Amino acid sequence: MAKEILVGKASEFKEGDKKIVPNGKNSEIGVYLVHGNWYAYANLCPHQGGPACEGLMMAKVEEVIAEDKTFQGMKFNHDEMHIVCPWHGWEFDIANGEAVADRKWSLRKFEVDVRGEDVYVLA
Amino acid sequence: MDLATSDKYHSMSVDSFDTTKLLTNAARQRDARKLNEFPIFDTDAHHYEGESIQEIIKYIDDDVLNHLARSNPGIISQGRGGYQPIGGRVTRYPLRKIEETPADGTHRDIHLSRRWMDAMGIDYIGLFPTGMLGIGLAPQVEVEVQYAKAYMRWLTEELLPSDDRVKGYVFLPFNSPEAAYEMAQEFVDKKGIVGFLITSPRYKPVHDNAYMKTYRFIEETGMPLIFHSGLNWNDPLMSVTNRFIAAHALGFTLYNVIHMCNWICNALNERFPTLDVVWVESGLSWVPWLGQRLDNDYKMRSSEIPGLKKLPSEYMADMFYTNQPMEMPNDLDYLEMTFKFIKAETQLLYASDYPHWDADMPCTIYDLPFLDEKAKRNILGGNAVKLFNLDVSERYPNYKAE
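Read top to bottom, the protein sequences are chains A and B. Quick note: the first sequence uses our numbering, first residue 1, plus one each step. Quick note: the second sequence uses our numbering, first residue 1001, plus one each step.
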C-alpha cells in the first residue's frame, strides 16, 4: 500500500505553484497545481539524474506555419506546460510526465489525493 | 531574483543559489556508485574567465591594448552568443551571479570549481576558459596573443597555485606561430600545467611548417596537445543554419574534423610519433564516420598521402578523445561500437564540461552496461593519470595505474 505524504493545505497553492516534499532520505517529489489540476513527479530526471522539479515551468514552444507552408515565427502554447530540468533543459509534459522530445522517457508519476483542505501525495 | 518564464502564472523567484545544492542528486550518484574510491580526472572543465576580465587586463603588457580593454573589455572578451542557457532553462547560467563564495583570498573560480567537483566525486580537473574558446576568430592577431598571454599569467599566478586539484593547459595563440612557440616555452614549467591547448575554431592549417618546431617542443615535454572545439555561427557555412542547435551540433564537431583531417593527411602522427593528441568536446560519433571515410578514400588515393604507414583510422585510434557531449542513443549498441572504434578503454578520457549546459556527469560513463569496472575506472581517471602523468598520491596513497 502506498504511503501518504502530507504536502500541505490546498489553499496554500495558487495556479502554477509547486512544492517539493521529501520522500524518504534520498529523494523528493514535486507537487504542482497547473490549470486547476494536481500533479506529482519524482524530482529525478531520467536523463542524468538532475532535480527536474527544481527547474522552471515553461509553456510549450510551437512553430507558426501558414497555409502556404511558410514559416511565420514561434509562439507559446500555454495549454501545454512543461517541467524543465535545470541541469540540461530536458522538458516534460506536466499532464503525464513524458519527455516531450522523446516520449519513451518520462518522470516517475505519483497520485495526488486532496481530502478536504489537505493535499496528500501517494508514494 | 526572478527568472524569465513563459508567463506570469508559472514564475520562479530565487533568493539564493548554491552549486552544492543544485548538485544534490550528483552527490547521491557519487555515493551510490562509490566514485570516491578511485581517482576521477575531468579533462575538460570550465570557468568563466570573462567574469574576471578586469583582473586579466592587468596582465596585458601592450599599453594601447590595455587601455582599449579597460575602456571596453568586450574588445578582447566577446562571448559567443547567449544561446547556451536555452532561454534560461538551464538555471545555473542566470543564477551563478547571485552565488556567494567566501572572501578568504582564494579565487572565486576555485571555490565554485571545488563545489561541483566534490558533489560529482571528481578529484582533479583540467581547466579551460569559456569566452576565450573563440579568440582564434579575432580579426587582430595581436589581440589573441596579448589576451592569451595575460590569461596565462593570471591563471598561473592567481588560480593554479592555490589548489593542486586544479590543473591547466598552456593556451597557444595559434594564429601567430612564433607567439605560440614562445608561450609554450614560457609557461610549460608553471605549477599545475599538464598540457597545451589549441582552440579549434580558427582558420589556420595545422600542417603549416611554421608550427613544426612547436609540435617538436611539445613532444619533447611529454605533455599532450589538446584541440578544444567550439562553434562560430558567423562561419559562412554555419551561417546558413538558423537554430543554435544546428550551429552547435555541427560547429563543435566540424572544426575538429577539419584539424584531424589535416593532421592525418599530412602524416603528423609519423613526424611526431610520441606526441599525444587529444580531441575535446566534439562528442564521439564523428570518429567512426571520419575514420571510415578516410580509410575508404586512402585505399584509392594513397599516393596523395605517402607519409602514412597504416590506415587513417588506425592513427585515429592511437589518439585520445573526451566523451562530452557524449551521444546517448536509445540503442546503446551504436555507442558500444563507437567505443570499440576508438579503443575507449585506453584512449577515452572523461570530461564533464561543467558548468556548461550540456555537461556530462561521471555516471554517464559509470552506468554504461557494456563497460566492466576496470574500463569505467580507466575512462573516468586512469587513462588521464597516465596521459597527464598525474600524482594522485595525496588523495589515493595506494593507487597504481593499470
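Wrong hints could be hidden among the right ones.
Heads up, incomplete: computed chain A residues facing chain B, CB under 10 Å, no partners named [unchecked claim]:
| hint | residue |
| --- | --- |
| 1 | Ile5 |
| 2 | Gly8 |
| 3 | Asn26 |
| 4 | Ser27 |
| 5 | Pro51 |
| 6 | His82 |
| 7 | Val84 |
Which stretches of chain A does chain B cover? Using the computed rule of at least three CB atoms under 8 Å from a CB of chain B, they are [unchecked claim]:
| hint | region |
| --- | --- |
| 8 | 57-63 |
| 9 | 86-93 |
So the derived label-pair ranges between C-beta atoms look like this [as the list claims (entries may be wrong)]:
| hint | chain 1 | residue 1 | chain 2 | residue 2 | range |
| --- | --- | --- | --- | --- | --- |
| 10 | B | Ile1245 | A | Ser27 | 45 to 51 Å |
| 11 | B | Thr1020 | A | Leu122 | 56 to 62 Å |
| 12 | A | Ser27 | B | Pro1073 | 26 to 32 Å |
Honestly, the hints are just simulated from the structure, not real lab data. The structure presented is a predicted model; accordingly, all values stated were derived computationally and were not measured. Heads up, the beta-carbon is just placed ideally off N, CA and C, and yes, glycines get one too.
To see whether the hints hold, each was checked on the structure:
1. Taking 10 Å as the C-beta contact cut-off toward chain B, the hint placing isoleucine 5 of chain A at the interface is violated, the least distance being around 19 Å.
2. Using the Cβ-Cβ criterion of 10 Å, the hint placing glycine 8 of chain A at the interface with chain B is not satisfied: the shortest such distance is roughly 19 Å.
3. Satisfaction of the interface hint for asparagine 26 of chain A is found here, the shortest Cβ-Cβ separation to chain B being roughly 6 Å, below the 10 Å cut-off.
4. This hint holds: serine 27 of chain A has a C-beta 8 Å from the nearest C-beta of chain B, less than the 10 Å allowed.
5. Hint status for proline 51 of chain A relative to chain B: holds, with the closest Cβ pair at about 5 Å, below 10 Å.
6. Evaluation of the histidine 82 of chain A hint against chain B yields a held restraint, the C-beta minimum of about 9 Å falling below 10 Å.
7. Interface hint status for valine 84 of chain A: upheld, as the beta-carbon distance to the closest one in chain B is roughly 5 Å, under 10 Å.
8. Remark: the region 57-63 of chain A is confirmed as covered by chain B, as 3 of its residues place a Cβ nearer than 8 Å to a Cβ of that chain, reaching the required three.
9. For the region 86-93 of chain A, the proposed coverage by chain B is satisfied: 5 residues have a C-beta within less than 8 Å of a C-beta in that chain, meeting the threshold of three.
10. Range check, isoleucine 1245 of chain B to serine 27 of chain A: Cβ separation about 32 Å, and the 45 to 51 Å hint is violated.
11. For threonine 1020 of chain B and leucine 122 of chain A, the Cβ-Cβ distance of about 31 Å falls outside the hinted range of 56 to 62 Å, so the restraint is violated.
12. In this structure the hint that serine 27 of chain A and proline 1073 of chain B lie 26 to 32 Å apart at CB is violated, the actual value being about 44 Å.
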